[in-house]
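A.B. asks: Line order of the protein sequences matches chains A and B. 456 is the number that my numbering gives to position 456 of the first sequence; each next residue is one higher, with no gaps. 293 is the number that my numbering gives to position 293 of the second sequence; each next residue is one higher, with no gaps.
Calculated from the structure, these hints are not laboratory results. We treat Cβ as the ideally placed atom computed from N, Cα and C, and that holds for glycine. Among the hints, a few may not be true.
Stated by the list, open to error - Computed footprint of chain B on chain A, listed as stretches where at least three residues anywhere in the stretch have a Cβ under 8 Å from a Cβ of chain B:
{"no.": "1", "segment": "5-12"}
{"no.": "2", "segment": "191-201"}
{"no.": "3", "segment": "428-434"}
{"no.": "4", "segment": "450-458"}
Unchecked claim - So, partial list: chain A residues that the calculated Cβ filter (under 7 Å) puts toward chain B:
{"no.": "5", "residue": "Leu-204"}
{"no.": "6", "residue": "Ala-215"}
{"no.": "7", "residue": "Leu-236"}
{"no.": "8", "residue": "Leu-240"}
{"no.": "9", "residue": "Trp-422"}
{"no.": "10", "residue": "Leu-423"}
{"no.": "11", "residue": "Ala-447"}
{"no.": "12", "residue": "Leu-462"}
{"no.": "13", "residue": "Val-464"}
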Amino acid sequence: MLFNSGSFFCFLILVLPTYWLLPSNSLRKLLLVGASLVFYAWWDWRFLGLLSFVILSVFFGARLVLWQRRKGNRRRALLYLWCCLGVELAVLGFFKYFNFFEANLLVALQSLGVHAAASSLTFRVLLPIGISFYTFHAITLAVDTFRGTVDREVSLLDVALYIAFFPQLVAGPIVRATVFLPQLAAKRTFNGEDLFVALQSVGLGFLYKVVFADAIAPFVDSVFKAPGQLSWVYLLAGALGFYCQIYFDFNGYSLIAIGVSRLFGYRLPDNFNFPYSATSLTNFWRRWHISLSTWLRDYLYIPLGGNRGTLLKQLRNLMCTMLLGGLWHGASWNFVLWGGLHGAVLCAEKLIQGGRSTQEQRDFSISTSLVAGWVITQIIVFLLWIPFRAANFQDTLAFITGMFSLRSGQSPVEQQVGLIPWLLLVLPIVCDTFAVRSLRVWREKPALNPEMAFAILILAGLCVVMLAKTGLRPFIYFQF
Amino acid sequence: MVIPLVGCGLLAVLAALRVSPGLTRMPRWYSLLLPLGLWLVVINVSMPSPQSYPDSPAPGLVLQAQQKLNERDLAGVQYVILIEGSSLTMNGLDGNRVQAVLNQHGVPSLVLQLSCAGANHLERYEYLKELVAALRPDQIEALRQRKLVLCREVELGYDKNPLNNFLRNGSTGRSLRYLGPDNLPIIFSWLTLRLGPLDWIRKHTTLAEIVGCELFNLFHVGYVPRMEELPPTVKAEPFIANTTQSPKFTESGSLRAVEDVVPDKRQTASFSASLRWQRKRDRDFREVFRGIPASECYFAFPSWFKSNADYNAWRRQQPGREFFFDGTGTPLLEKLDTPSLWYDELHLQLPGAEIYSEEFAKYLVEKIQSKSL
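Looking at chain B on its own, in the form it has when it is part of the complex:
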């Protein structure tokens, strides 16, 4: 009801305003700047920005993680595993199953999962930030007493481009929610890394969209829900199983054959160049936990795409990736080398997800029991 009522009020005000015909002098500066300042102050004080974009999956994902945290008595928990990822994780890694396996193997743990289809690194950072911001002081204190392991998804497309999928979502609430000043340095460092002088012209649509979103958020503009009562947040599930296969999926031979290929020098140089932006983000991830000590573990899904498989192999060898799970040294590849377990070249179906979750959990158990994690 806000739009028709307030809109008609504004319409009447705008239509009724009039200045003397032939007004030659320009208005004094304060008549233009004071309303702007007043408006910015009132808006920013009275209506916080994050609430303005409820159509993002962030509130629903954070809610489900919070509920899981509230339901569990942390006294009996030794490890809190926090998994973040995109659609690969959403379809391929079931946090509940990982938790069950860990507990079966004598590792009392709680697994929280923040994954969503199409979520790029910037968006995933936003999920994590919002979850940590929503923690109560007693929960923070309790987490400080436990071992927190942040499990981060590795995937070529998203790692090469922190804004992957940005244009698909455009300047919707979903992308506006994560395109705040926090993410600006990452975007800038990625853009300077990736774009040559001509690319700045060629990519003008993306750039203009980014600038528009950043300005929108910088001034905390927001939209209707700032004034309307927000609908109650609905829990978003971080694991959604695929039960069918994409008609576009064309498996090429054996998964193991794809995974065995060693990347050439040109490829590794390209991987290396496109990842420089991640150093800052790695630091951000470490700093976001409000003083809770956290270890990091990376995981990657096997892929039928050679470039993805090459990338995973290359990432495994990078320094600072001591905890990296992609199935190497486990029977994972052998078990997943069946096309019927896959939705497409990257995403698993439910039986595949069960296998992957189980193997990943076993990997964590092994690292925990060997006291290295």
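If we strip away everything but chain A, and leave its shape as in the complex, we get:
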């Protein structure tokens, strides 16, 4: 069930009023869990078993960890934590990476001439939607329980809702247990501001997704389908198109998720903070997919050693984090390459900044000039989206060589693809990154009369619907 589909609209129309009509918090949570399971089963009911298994395993795992921790037996608690993490990672590894490792193993075996063994291995594992997100939620709960930041026995209902809450179930934002679980303790309330913020988020999210991202998507798809046959102008426009599309698509999803959660009284963290205004790659990762980058920092980078130890160790930690972050996005060498290159640039930035203080690091840009820093950072981000989107290494190489060799293309293919208007590529992203950023951070902007504000909001939202292209296009991050 996609957020931009009629079925989701009907689903929300049924669930939302029922939720607010229910008298008790437990009943409301029960309804949300049920609705979330229906939402998930809409794609493929067979994976409900897997989702239930993840919920139950982390529920019992966290209980065992808490029990041992309260007894003061830290070693035993650690053992249970590792068992719990092992189960969650095994689920993720099997469903998400089995095919990838199997394909690579086959190549390795075939290169050694072992063909019979290879053929007996082949079977396909279906990728359950949202698995990367809900297993990360499960890991968060187990680790936070071990760390003591979650220091109470969480009921099965709360665990189920934390893992499966439908607005963030399939593509985040990744919510910390410490942020979400306290919200489950008391009956949620709802006021005019909540309604306004929720509708504003949903409206913006839809504008990003169904108007901007979906308008660019067909052109981007066509360009990345035939990178070897197109001229550098098409390739440049295609790469720029994806640079814009992925931002509008994923930020659109995140905003709708945040808005829909708010309609139920729950607050989810922001996932984007104008990443294309970043003046360094470090700064970019503080603004892009914030819930993932902070998760990787707190649950991978810091446990690996973080900024402690020698510079070499710090660089190793950073590279490991980014490589695994790349692999988290998908089981493909292209994602590993993408993560690795981001890691390499982050390491370079770390080396350049040397031993500056934390405050200086925060303000650090790759160049002393902010504009130059912004230009260099955005070029790097732009180029690194190419392997992220391309189907494989060969396409990535063809794309980049075609773009930089100023190659001319094959006119029949180009005629079929048709060049997208540059204004469509440039204007929305520039408007969002600069004008909207200024509007959003303008704290002193005048507050309108509530009725007027709501009326304008509803009218603007309806105009967004009018601008939307027909035909459903799934969100890019659903595949992760």
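Knowing the structure of chain A, use the given hints to seat chain B on it.
C.D. replies: Same frame as chain A, now just chain B:
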């Protein structure tokens, strides 16, 4: 240019809006409902819905039929034959050839054809409705003076399911264009006929898509082309000849042997049950002509699939199908019993289409000359 410019305007408006932090009271009802009402009125008055889905084949097909009607002086025409169908007709029945044969046999006629690959009954009804709606008053008057014969394709897959191919086209402009309130009773009657309690759950994706499309059309939402200048409609050809054979085509013995098989009771019961929805549609087809009297004639293509052949045989025997052409009593089956004339088990190649068109035209001539049509 509408998307970037209007989109950025909306972006600025949405981002700039703000209410006082800590606003506890809910907005008054009119602030939510008035904009919705205003918007619906403005949209529906200023931007008619059918224009919103130009990516449907309907405008192109209607245009070619209109052009053909405009080019011909109806004074010399006695019969207007209107053919509607899916890909079987689009590949297998050439309206121009039918017209030539009719004229050769002394039946002054004009043949209009509305057929398109993947067009189900709902979509074909939309074509017909749009064509009739586009007729000028003088054309309507002229048609009242002539004999209008509506020739409707019969085919098992499409007849069993008026939404056949709906999911393939999804909620695109093509399916949105025909999923208006007009077609809702047909869909509902078909769904209640076909789906048991469990099927309603199993088919949830289709159902949700249908509801989404209906709601979209009910509120006349539409999309960009409402505001942009529409590109000029391009004529769509209703007959496109197949010149190759599908590699998947595997003929099994003789076409005549397939056609000779008599359907068993279970099959006929299933045919009968799945066709109840068509009664309402038959009435719709008759009513759509704005008072122009029309006769109906059904035609079916021979098939290498036994189920299709059985269905055609069964349909021929149904009451109210006096004019039904499937080649029975003609040398059609014999002539088409050559695999090289076929694209696949259902669709003809060009030489096959020529044979079928000729035989169909002769059938019409015979019925017209015997004064029964």
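A.B. asks: Return the numbers of the hints above that this structure violates; sort them in rising order.
C.D. replies: Numbers 7, 8 and 9, in rising order.
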